[in-house]
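Novice: Protein chains in written order, with the numbering used here: chain A, 1 to 234; chain B, 235 to 550.
I should point out that these hints are in silico values taken from the structure, not numbers from a laboratory. Values in this document were obtained by computation on a predicted structure and should not be read as measured data. The beta-carbon is built from N, C-alpha and C at its ideal position, and this holds for glycine as well. Be careful, since some hints might not be right.
[Said to hold, decoys possible] Partial chain A-side listing against chain B, Cβ under 7 Å, derived:
1) Ile170
2) Thr171
3) Leu172
Now for the letters of each chain:
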Amino acid sequence: MNKSFERLINGIWKENPTFVLMLGMCPTLAVTTSAINGVGMGLSTTVVLVLSNMMISALRNIIPDRVRMPAYIVVVASFVTIVQFLMQGYVPALYSSLGIYIPLIVVNCIILGRAESYASKNPIIPSMFDGIGMGLGFTIGLTFIGIIREILGNGSIFNVTIEPLNDFHITLFGMAPGAFFVLACLVAVMNVVRKKMEEKGKPLPAASGCLGGDCASCPSSMGCSSDNKTDNNQ
Amino acid sequence: MSNLLKVASSPHVRAKDDTRRIMFYVLLALMPTTIFGIYNFGFRALLLIIECVATCVMSEYLFECAIGKKSTITDLSAAVTGLLLALNLPVTLPMWQAVLGSVFAIVVVKMLFGGLGQNFMNPALGGRVFLLISFATTMTNFTYDGVSAATPLATLKAGGSVNTLDMLIGRTGGTIGETSALFIIIGAIILILLGVIDLVIPGIYLLTFVVFIVLFSGHGFDTSYIVAHLCGGGLMLGAFFMATDYVTSPITPLGKVIYAICLGVLTGLFRIFGNSAEGVSYAIIFSNLLVPLIERVTVPRAFGITKEKKPKEVEG
Chain A
1 MNKSFERLIN GIWKENPTFV LMLGMCPTLA VTTSAINGVG MGLSTTVVLV
51 LSNMMISALR NIIPDRVRMP AYIVVVASFV TIVQFLMQGY VPALYSSLGI
101 YIPLIVVNCI ILGRAESYAS KNPIIPSMFD GIGMGLGFTI GLTFIGIIRE
151 ILGNGSIFNV TIEPLNDFHI TLFGMAPGAF FVLACLVAVM NVVRKKMEEK
201 GKPLPAASGC LGGDCASCPS SMGCSSDNKT DNNQ
Chain B
235 MSNLLKVASS PHVRAKDDTR RIMFYVLLAL MPTTIFGIYN FGFRALLLII
285 ECVATCVMSE YLFECAIGKK STITDLSAAV TGLLLALNLP VTLPMWQAVL
335 GSVFAIVVVK MLFGGLGQNF MNPALGGRVF LLISFATTMT NFTYDGVSAA
385 TPLATLKAGG SVNTLDMLIG RTGGTIGETS ALFIIIGAII LILLGVIDLV
435 IPGIYLLTFV VFIVLFSGHG FDTSYIVAHL CGGGLMLGAF FMATDYVTSP
485 ITPLGKVIYA ICLGVLTGLF RIFGNSAEGV SYAIIFSNLL VPLIERVTVP
535 RAFGITKEKK PKEVEG
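The following block holds chain A by itself, in its conformation from the complex (with noise of 0.2 Å):
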């Protein structure tokens, strides 16, 4: 349980995949306009996450390695395909609004990254946690920019119009830019927070593991001690 838990404050904190890993970035740039799409699409992006996690790591010594990344594919391609039937039943307005990007989750790195790099080396159990733990910390991520850039852009926060701002529209943070502008501040803050932890003398853990854990292509790959290190050197 402990480890469980460990895993849920790695993805939400320490390992956040917007802030800390900057994965997923396609998504975290194209649809967060609004704070509903960022909702949306990172609970999306979370529900296949775990599915495919929980998948993956139950077929982890089934899947010859030669052919993993195919595999992995095939996995995520599944559940994606389901939630996007799903979500054209039962929301399809936000279905609407996300468009392309539902089917692109398939190639989302998130999701072929922890699929790599924890699931396909460890047990169900942790391997769904880390799912949750990665997929809310990719849902805050994204629901922090949706916020922002629909005050900024639309004067709005979930639909819900907010009066004094109503003349304080400024299109550019609901366009591609905003995003961008929006992204790197939220970035630096995150890293303001980090630095000023450290001076305090309680650092925040530092993000551990590799991201892909594909070391033969890592440059740092000589002086890591991450346990996938054998794994893969094949």
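With chain A fixed as given, assemble chain B onto it according to the hints.
Specialist: Below, chain B without anything else, positioned relative to chain A:
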């Protein structure tokens, strides 16, 4: 004997020019345009100009305080940015939007990249384009004599005819500083006489633009059409005061030519084939982004060094 030989490292001769002096010259050269703009558009234009200059200088000062750097507001570059930005705004723009544009120009475009000399695009134009994208309605709301009026370029685009004499003097709708080609040229002559800018970039820019207009506008060599396009919109202001910005234009001689041709072609492309009537701002900031590449391929050959055989992709 020992007194005769003094060893000092170069440079041995120093010119009096420094950033502050050059920026002061630019401010001076912008004065005719500014004063005419205030005369043309009234008291609110003056307020807007003061506000933009004050906001730019203040935000540069506060930003440098915040990050603990030495204040550089005395080099007047922030004031120039503020003035240029104000000259690029319509007189009816709400004050808070002008403040936002000034802060964006200084903080995001200039200071975040390291301050004067490090910015990759002209700060005033960055601020203007930010406002243009964010507040499309108020940024294109042009009035003249209290009546909202289409800019001459918009009229031209719609196929109407314009009075080129009015455009030359500046008695038309438009942003505060762009309407009068005459006063901009007076300012440009001051800058050229003071040696702050040379004619290479603006000259080739305007020439390329004219050639583009003659070839592609469908009007052929129609003098009044060409003059209207030259005097209309931000072309003159952009060519003399923004395209020549030291920081964001190439330093190599060949690079300047390429850069100016890019500007002319892009401006023509945006004006003739684009959706909106005006395209000078976008042409200049786009060419600003190309400057590092242009400089890279036009590095002059040092004396005595033969040209190396380079791999093919460097030339592309």
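Novice: For each hint, tell me whether it holds in the structure or not.
Specialist: Structure-based check of each hint:
1. Ile170: 5 Å, holds
2. Thr171: 5 Å, holds
3. Leu172: Interface hint status for A:Leu172: holds (4 Å vs cutoff 7 Å).
Going through the hint list in order, the structure satisfies each hint without exception.
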